Amino acid sequence: MAVKILQKKDLPCLLGKWSQSARVLAPARQDEMTNLAPWEPGAELDLGRNTWKPLKELFFPRSERMFAYTGDRMNAELSPIDQDHEQTVVFGVRPCDARSLALLDRVFLDERFTDDLYKAKRERTVLVGLGCNKPLRSCFCTSVAGDPHGTEGLDVLFVDTGDEYAVYPLTGRGEALVGELPEGSGEVEARASALADLARDMMPRYPAEVLPDKLTHMFEHEIWDRIHEKCLGCAACAYLCPTCHCFDVTDEAKTTEGHRVRNWDSCMFPLFTLHTSGHNPRTSGKQRMRQRIMHKFNYFPVNSGAIACVGCGRCVEVCPVNTDIREVISEIGEVK
Amino acid sequence: MEELRRVIREMLAGGKVDLVIAYAKGSLPLRSTPVFIRNAEDAECAVFDATCENNLSTYLPRYAGKRLAVVAKGCDARSVQEYLRERQLDPGNVVVIGVPCQGVIGRDRLSRRLSGKEITGAEMDGDTVRVRGDGWEETLQLFEVLHPSCETCEVKEAPGAAIKLGEAAAAQVAEPFALVDDMERLTPDERWAYFTAQFEKCIRCYACRQACPGCYCKECFVDRSAPRWVGGTDDPSDTAIFHIIRALHLAGRCVDCGACVKACPMGVDLRALNKKLERDVRELFGFTAGLEHEGKQVLSTFRADDPNDFIK
Amino acid sequence: MVNKEANWEPRIVAFLCHWCSYAGADLAGISRFQYPPNVRVIRVPCSGSINPIFILKALQRGADGVLVSGCHPGDCHYLAGNLLARRRFLLLKNLLEYMGIEPGRVQFSWVSAAEGQKFAQVIKEVTETVKELGPSVKLVKGGTARGRA
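Chains as they are written, first to last, in the numbering used here: chain X, 1 to 336; chain H, 337 to 648; chain Y, 649 to 797.
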């Protein structure tokens, strides 16, 4: 589909048009953080950086009711939870986060075990991306098969080319949002692609691509003794990771009624693997750190065909003890 | 810095300790990172400056039984005193290396001061912090961007330090419990709204708990499943109970090192709870945590004349 | 906030020490002292065995008030359980009020086995206070979390 063009000053008008038929979410600065917020006419956008919280939260919330029940063990009656059906357009999605959804799709939309809750939210949401012209200090998407102007998982991609946006409709749903915009010239497209080159060059490279094969033979490697040592064992990295998707299922019960919920969970917690018997197959921080790295850079690639890291750099920024996944990648990359 | 490295080198070379827990330069501007030094020749990576925000004493119980040395600011050393009081460490096995602390940088505060602009490079020069980013550069004074815990710090000298490197800075610059006073000026509903807003931010990653030297329980009450004391949902009441009980568990033990606040990825104001308890413990029971390690923990003891008038 | 709905009656959870306040409640019953039927009694071995989380859980699950009652100082069956508890309760009470929970939601008393009359009186007072406060909404699970009823 051909590139379209939108004058920057016309953006609120376009968002306004979308908001007539859908809920529009866009990044805004609130409480010292940039996060997605419902957009209203006049709302100020913060498009200078990615959102602090990952996009996954919209599709896989921190805590989600799965169904309600009444009765007792012998006579339980289940009823579905009312789902929000509102059509949603998310504006300003960064390519790394869009890619994270493409990866989560491999888990939640696997045709053998389709997750209906996730699927419903995916289907009613259109993702409008914004290419990154200036990667942040902890960005490394190009090292993990991403791209600052990448389109995977997006319906539309916007690229800031100065006074205007180059707008690339990518899917039918995207076309429906921006189809009426005027077509852009080859010159605009050239400018956008030059900006992409520039952004790519700005990012240092880390040898992540060698990890999937290499890690297969490194389960018992001494490197794990070192890497985990400063880890505190919290889940800041996992909870803010756009691709970490583990959850715990529990019942919130009140005598004869309740609901089943799923809450985010993390392999960094000992409780994550604690068996009912009391046995825990992963008792040490070393084992847990290994699991997290292995899952992202070996198990997921083997099972689902891609590294489960999109290089957004959130874990680098939030780790209380500055464990830097880029350094971990380099260190493993250097192992002979 | 040279002095610090020399001390670490000599300790390890002389076989006095097995492990030194110290700070090294981090991977981001104005960040340091914990480092575990076992060989004298690795002492060169040790640093200490106002970016050394972590409380390294948190790691000590993991190595109980080993001969340890830890680089400690005043607050960190107070945590060590509490570990000793609670018999979590053998005093003969821990050497506290007290470093001259001028307070550490509050990253949230710095970010606010810079209106959220991203820092891509920085240098520290004494009390001066030079930061720069995309097309801008600024020079700040440390006192402008001190972590809130450092602003109210009453104990900059490391208590119980076997080795003291240099002189710590003068006493605190702010009234220690001003934040509690400010809170108490609000109406109860305003306060409840404030705390609820804090708890709504919480994502239950437990970074606060994990970073806290006082939270060393083998199994935390929130992780119990039978009985399950605290639900895992995002209901603010569950989160509130987690934070209230955690704060109470730290009553009389919290040294306000700020580790919880520094670790929190969501900016939850945990000091608002901890400072209240710290003040109550001091005013009602005359106790301040971490100054020494003799005597009982404040809630493991009582006095006949403890306040009684709140009981019918 | 005060709920003046005609039929509303507060639900109050009372944690009573087995050795004194629980016996005090028995005495109140035997002596036919009248007190409001709003309390649900939970017998515990000692006021010192009350974990603050019991109190918070009661409020979270919809109790409008909580009373903890133990032996008078010096009378503890376990010598000092109540005195250790006193410190914890004071911190808890202060903290809850500081956070904006209404004073009176959580109350404490010392009632001996001989004080049937006092027990009835305490229950009367606690019930009146909680009635005056209205239904508890703060800290209730799934409730109006911000406490603006």
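Keep in mind that the hints were calculated from the coordinates and are not lab data. Note that the structure is a prediction, hence the values are computed from the model and not measured. The C-beta atom is built at its ideal place from N, Cα and C for all residues, glycine as well. Wrong hints could be hidden among the right ones.
These stretches of chain Y come out as covered by chain H in the derived footprint (C-beta under 8 Å, 3 or more residues) [said to hold, decoys possible]:
| # | stretch |
| --- | --- |
| 1 | 654-665 |
| 2 | 695-709 |
| 3 | 740-746 |
| 4 | 755-767 |
Going through the hints against the structure:
no.: 1; hint: 654-665; in the structure: violated (count 0)
no.: 2; hint: 695-709; in the structure: holds (count 5)
no.: 3; hint: 740-746; in the structure: holds (count 7)
no.: 4; hint: 755-767; in the structure: holds (count 4)
Violated hints amount to a single one, hint 1; each of the other numbered hints is respected by the structure.
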